[in-house]
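Q: Each protein sequence line maps, in turn, to chains E and X. Residues 1 to 242 (full-length UniProt numbering) make up the first sequence, in order. Residues 1 to 307 (full-length UniProt numbering) make up the second sequence, in order.
Keep in mind that the hints are not guaranteed to be accurate.
To be verified - Pairs of lysine-lysine, DSBU-like flavour, derived with a Cα cap of 30 Å:
#1 X/38 - E/235
#2 E/175 - E/235
#3 X/38 - X/277
#4 X/277 - X/224
#5 X/224 - X/38
#6 X/277 - E/175
Bear in mind the hints are in silico, worked out from the structure with no lab data behind them.
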Amino acid sequence: MKLFLTGTAVLALTASLAMAASHSETVRLGTEGAYPPFNFLNDAGEVDGFEREVGDELCARAELTCEWVTNEWDSIIPNLVSGNYDAIIAGMSITDEREEVIDFTQNYTQPDPSSYLGMAGTEIDPAGAVIAAQAGTIQAAHIAEIGATLLEFANPEETIGAVRDGEADAVLADKSFLTPYAEESAELDFVAEDILLGGGIGMGFRESDAELRAKFDAAIQSMKEDGSLNALIEKWDVGETF
Amino acid sequence: MGLPARPLRRRAAIFSYCAEPELLEGARWLACYLTTGKHMAFYASFGTVLLLLAITAPVALAFGFLGAMSARSHIFPINWLGRTYIAIVRGVPDIAFFLFFVIALDQGFEWLRHQALCPGWDQPIRQGNDFVVCDAAKLPLGTAPQWVHETYGFLLAVLTFAIVFGAFAANVLFGAMRAVPRAQIETAEAYGMSRRQSFWRILVPQMWVYALPGLSNLWMVLIKATPLLFLLGVEDIVYWARELGGTKTPRFTDYPHGDWRMWYFLALLVFYLGFTKVSEVVLGRVMQRLTFGQATAGGEAQRKAAA
């Protein structure tokens with residue numbers, strides 16, 4: 001009887017381990033879902049955009065099943081680190097500061113210039129102006145560095161709102177995010193020189209997850225080599241191709 | 001790999017005429033716009049909030065009742081436990097509690113499962129910033145479908161809300177139990193009831209009338225505390241209102257519009273006000289019932305009115 005029980009226990013344990021092993025290939029991708037064209041929610045309420053297509057293709061190439069999860073930008077790194085999802089793919093630029101907490105893959109976009117968007121017809125000197133930026137971004141860090149007055153907002157939409165309300169003189173963000181606003185709204189336009197910040201956008205992983213990161217890194221490399229990444233960059237208009 | 005011709009995939013719509021949104025105008029456009037998948041998620045989130053309230057309120061009340069009972073206990077460790085619970089939770093700011101406690105709770109569960117399920121694990125659980133447990137110990141499992149993750153997040157939210165509001169409820173009930181006139185308990189003792197009997201038969205039925213004003217305040221605060229849900233990863237009505245109301249450019253949607261957040265928040269305002277009004281009416285009726293035959297000014301007024 002005792003032997004029988006031990007046997008069942010061992011069986012059950014191996015079965016559950018085997019299940020864990022065979023299914024551990026599901027990868028949860030965390031994104032913000034509020035930063036077009038990189039990632040946004042489409043009319044059907046699903047994650048869509050450049051990163052959705054890149055991410056799905058990367059998962060196909062790495063032979064992983066992927067699931068998309070949205071998370072507030074503010075807590076996107078803490079939630080990765082505590083294991084709520086396995087990767088960040090949210091238009092996150094590779095910076096030294098973030099490298100201290102998480103690990104990045106190679107970049108899948110070229111460093112995209114950041115632009116100042118303000119009311120059309122005005123011109124500003126960024127150092128002496130009130131600039132809106134999303135909290136926790138490289139743009140917010142840059143504004144703080146040059147000594148301008150920084151207005152931080154939790155999501156990208158609110159930064160544009162601040163310019164429309166006149167609360168801020170301009171908003172600093174990735175050019176590919178701001179361009180649709182500049183083109184489609186008569187009252188908004190670029191009001192100062194573009195600047196180059198960050199080292200391009202990469203996927204973020206836990207530092208203890210080197211194996212998974214290597215898989216995605218290889219998949220990004222293969223997409224760069226066969227030109228499919230360039231095709232997506234052009235389709236979604238997210239900066240220079242490789 | 002085949003790229004779709006258009007960035008946005010069209011979904012089957014409820015109304016047949018929604019197939020070509022850019023040709024629509026007026027009421028038809030609005031009908032199509034208000035029935036997109038995203039709006040359906042918005043409407044469903046009202047259900048999420050109501051469900052959360054429906055589950056949290058009784059659970060919090062149970063926490064409060066247990067808290068109040070143990071704070072009254074004559075057994076020292078239980079008494080101490082009850083008082084500590086009330087004091088600590090009431091003292092810590094909600095937002096800190098929600099951010100810290102939920103992650104700690106989640107990691108605590110995972111740690112316990114890790115100890116039980118993965119005895120052969122040789123790596124440290126804390127690696128720098130990372131919290132690493134074996135795959136089998138993850139909660140929910142990494143392989144679980146999205147709805148399991150969402151349900152788990154929702155239950156964590158319920159538990160956290162219940163603990164926070166339970167502490168306040170405990171304090172209210174503790175006070176209410178002391179407000180019941182001493183003479184009532186004395187009478188029970190004179191009839192030979194034990195402590196337990198007089199507690200359940202005399203004290204508890206009479207204390208609700210004193211507790212209700214405090215509890216109804218808590219209920220109102222709870223209704224308005226639900227946006228804290230998004231801190232826990234649950235997409236509630238405020239999240240969707242902000243997302244839907246934001247400026248939409250034609251490149252990324254079939255239904256472009258300007259900054260409509262004001263209208264969405266106005267809808268939320270109407271919802272919250274309506275909900276508060278209904279609560280007030282219901283609570284008013286409950287109060288009337290509880291007051292009946294009580295040795296309070298309200299009970300006395302009812303008796304005179306009937307006579």
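Q: Okay, which hints does this one fail, numbers in order?
A: Result: hint 6 breaks, nothing else.
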